[in-house]
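Q: Which chain is which? The protein sequence lines are C and Z, in order. Going by the working numbering, the first sequence opens with residue 333, and the numbers climb by one from there. Going by the working numbering, the second sequence opens with residue 250, and the numbers climb by one from there.
A portion of the hints provided could be inaccurate.
Claimed, not checked - Computed cross-link-like contacts, BS3-like style, restricted to lysine-lysine with a CA-CA straight-line distance of at most 30 Å:
1) K379(C) <-> K284(Z)
2) K571(C) <-> K334(Z)
3) K571(C) <-> K589(C)
4) K294(Z) <-> K334(Z)
Please keep in mind that the hints were generated in silico from the structure rather than gathered at the bench.
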Amino acid sequence: MTDDMAIDPPLGLLAELTHRCPLSCPYCSNPENLDRRSGELDTGTWKRVFTEAAALGVMQVHLSGGEPTARPDIVGITAHCRDVGLYTNLITSGINVAGAKLDALADAGLDHVQISFQGDISDRADHVSGMQGSHARKLELAAQVTGLGLPLTVNAVIHRGNADRVREMVQFAVDLGARRIEIAHVQYYGWALRNRDALMPTAEQVRSSTAAVEQARADFAGRIVIDAVVPDYYARRPKPCVGGWGRRSLNVTPAGKVLPCHAAETIPHLTFPNVRDQSLSDIWHHSHAFNAYRGTDWMAEPCRSCDRREVDFGGCRCQALAMTGDAAATDPACQLSAFHARMIELAETAVAEVEASPLDTEYDYRRFL
Amino acid sequence: MIGDGTIPALPRGVRLREDQARGGFTLMAPERVLKLDPIANEVLKRVDGTATIAMIVDDLARTFAADRTQIDSDVKSMLQGLADKRLLDLTADD
Ligand code: SF4
Ligand code: SF4
Numbered sequence: 333m334t335d336d337m338a339i340d341p342p343l344g345l346l347a348e349l350t351h352r353c354p355l356s357c358p359y360c361s362n363p364e365n366l367d368r369r370s371g372e373l374d375t376g377t378w379k380r381v382f383t384e385a386a387a388l389g390v391m392q393v394h395l396s397g398g399e400p401t402a403r404p405d406i407v408g409i410t411a412h413c414r415d416v417g418l419y420t421n422l423i424t425s426g427i428n429v430a431g432a433k434l435d436a437l438a439d440a441g442l443d444h445v446q447i448s449f450q451g452d453i454s455d456r457a458d459h460v461s462g463m464q465g466s467h468a469r470k471l472e473l474a475a476q477v478t479g480l481g482l483p484l485t486v487n488a489v490i491h492r493g494n495a496d497r498v499r500e501m502v503q504f505a506v507d508l509g510a511r512r513i514e515i516a517h518v519q520y521y522g523w524a525l526r527n528r529d530a531l532m533p534t535a536e537q538v539r540s541s542t543a544a545v546e547q548a549r550a551d552f553a554g555r556i557v558i559d560a561v562v563p564d565y566y567a568r569r570p571k572p573c574v575g576g577w578g579r580r581s582l583n584v585t586p587a588g589k590v591l592p593c594h595a596a597e598t599i600p601h602l603t604f605p606n607v608r609d610q611s612l613s614d615i616w617h618h619s620h621a622f623n624a625y626r627g628t629d630w631m632a633e634p635c636r637s638c639d640r641r642e643v644d645f646g647g648c649r650c651q652a653l654a655m656t657g658d659a660a661a662t663d664p665a666c667q668l669s670a671f672h673a674r675m676i677e678l679a680e681t682a683v684a685e686v687e688a689s690p691l692d693t694e695y696d697y698r699r700f701l
Numbered sequence: 250m251i252g253d254g255t256i257p258a259l260p261r262g263v264r265l266r267e268d269q270a271r272g273g274f275t276l277m278a279p280e281r282v283l284k285l286d287p288i289a290n291e292v293l294k295r296v297d298g299t300a301t302i303a304m305i306v307d308d309l310a311r312t313f314a315a316d317r318t319q320i321d322s323d324v325k326s327m328l329q330g331l332a333d334k335r336l337l338d339l340t341a342d343d
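Same shape as in the complex, but just chain Z (with noise of 0.2 Å):
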């Protein structure tokens, strides 16, 4: 299960990407093309392989001079979403 101090990377074959066609941005993955709402993107933009869910938090946090606590359930529930949908790599930070 996802904590402060997981991971997430974008496994190889997931990657970010403009849509200038239609405007935004979208995930695209394995027979997937996921358009992503703002807040999805700056999440997103955030997951490098290297900083962890908390730093991803602080970031957005502070960034947005948002609500911490809610920002780090949003953040969570998001990305354990697309990791059951095997799009999203989650490592325990050791």
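Okay, chain C solo, but in the shape it has when bound (with noise of 0.2 Å):
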């Protein structure tokens, strides 16, 4: 598969500008190697991966982090990215950007501001976060946002400590204005994977916390999207991973490596490329990192001859590799692996003791190593 015209060009860049950040979720999606700002890519440089994405083919760019805005030179980066045709999506913490920093923004033509809300209350939210106040920063961010017309959308992360809440979270999102809410499941890798303890919902969390998305579909309905992912570990059948790998999306993380998904580092035998050394364009379309599960010759049974594999390509190549110790498996939450069992049980013990409040849970919060 190097032919170009074969390989269809990707909609969307999830830029990692910087993993710093004021908070410290314990189920942050970060690798556990943060990388340092002295490793961090220059301005010039990120600006040169935004034309080069846009001439790939990419329409939408996710500036993410951390916090994306803990970069002093968010501004000029978002207005290049407009000036180069890409919608951007601010993905941010919500903390040190309301105020001038977010109006700044917003001139210079941010398309959409997606805030991370670790709950609906705050001590809970707090608790979660590891900052004292967040919450209550958080609410200030929204209300500007939503003040200047941009659309918002409430990113809420589910774990143990607030699956119980689903119903109320989705009210509150309406409540601030949201257009669109994400009710996340947590995925276990990076920081997550080491707190999934601590994190892991009782099976009958995750029951509700899915009934609770139906109803609330139901009764919200025209007012704001619901986005929900399910979580993995009571799943029947796997989640196209990113859309297929090296299919619809690329991660650029803040040292410049390029990832068919952000978990992808933990693949040990994959080396990704760099945008320092090499084109966005060569490096979706040839490099050896994206192309090793793109499409379906790499799959083994039961996906090879299944009608789903091109569907939900196997699933996630992390999660097979974090479970089965190889990554070109099935994706364990498949029914049809091997491994399915072992994941449930997996989820069974995890939860084997609740806590008698969220507040009492013990995370090992993200922070750099």
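If you follow the hints, you should be able to join the two separate chains into one complex; please do so.
A: Structure follows, in structure tokens:
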């Protein structure tokens, strides 16, 4: 598969502009070995990456982190993205953004703001984020976003400490004036894997939270869009991770590595190319890392002969590796995987004990190691 | 609900863009890239925040010399669908 024409261009690019973040969420999707400031790409290189991305066919860019606004050049980067035609989406912790910075970002052409909320009750939320007062600051930013008429998405990461409040979270998002809410159960790699036993919801919580999403969809139809990610550990079929490896999106780390998904670095035998050395187009079309699990040729049974192989692409490679030791195996979230029972068992043993209060849960907070 | 006097408008953060890499036009919105068929594109090109539904339908019927009743119901159902997904604002003309 080296023919450029046979490979569709990517639609989205997730730019982890920095791993620095004022919060320390125990489920942070950043890798355990965070990139340090000294290793971050400079402004000029990021701008080149976005120019190349637009030329390659990327339509939307997700300015993420860490906390993307921790970079002093965030406004210039946003303006550049707009100049080259990209739809710009800011994914923020909501800390240190309200006020003049958001105004400047909006003037630069920012299209959409996503604020991560750790819950709808401030003391519980602050316990998860690891920062007193963080919830209140997010609320302040949310009000400014909707006041400017910018679309707001509430990102709600669901875990044992808040899985019983899905309905309330949707109501909370509606009250904030959000147009969209993402209800995403924790995905267990990186920091979340370290904290799996503290984060894993019970089977009953998963059932009731899934039902709560369905009910909220009906009750709030036309008022808010609810995008929900079902928890893998209790699923029957896997999700098409990132829409298929090397098929729709790519991810650039603070230090310039290009990944098919943000957890791809957990696969030790792959080497990921860097934007400092190669063009994005070259990496997308020709790198070994992007071609390794592209399409369906790499699959073994049961995926190889399954009629869903072009639907879910065998699920998540990182999860397959973490659970089975083989990155090319069927995602254990699939009932057809020989490791599916083991995955369920893991989920069930993780939640042998449930805390009396979510405030009692002890987390191994995300930090620079 | 959508009526002849309703004025549709694309809210901030929702915009039309040509897709040079794949061809055609798309509607870009929060976490969505909707590929537009040529008809949807013709409708949305006329959504400027001042034209009413009736004006948009009249213009389409004139431009494409097509049956106004059919266009009227197609346009209303398409725009209502977008509004339900929070991709379009609908305001009454008063
Ligand atoms: S998950 Fe929390 S710690 Fe990680 S980048 Fe987002 S806000 Fe920061
Ligand atoms: S066997 Fe593979 S392709 Fe089939 S549903 Fe399971 S993960 Fe998907």
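Q: Run every hint past the structure and note whether it holds.
A: Each hint tested on the structure:
1. With a C-alpha separation of about 27 Å, the suggested pair K379(C) and K284(Z) falls inside the 30 Å cut-off, and the hint holds.
2. Distance hint between K571(C) and K334(Z) is fulfilled; the C-alpha atoms sit about 23 Å from each other, no more than 30 Å.
3. Among the hinted pairs, K571(C) with K589(C) is consistent with the structure: their alpha-carbon atoms are about 24 Å apart, no more than 30 Å.
4. Taking the CA atoms of K294(Z) and K334(Z), the gap is near 19 Å; set against the 30 Å cutoff, the hint holds.
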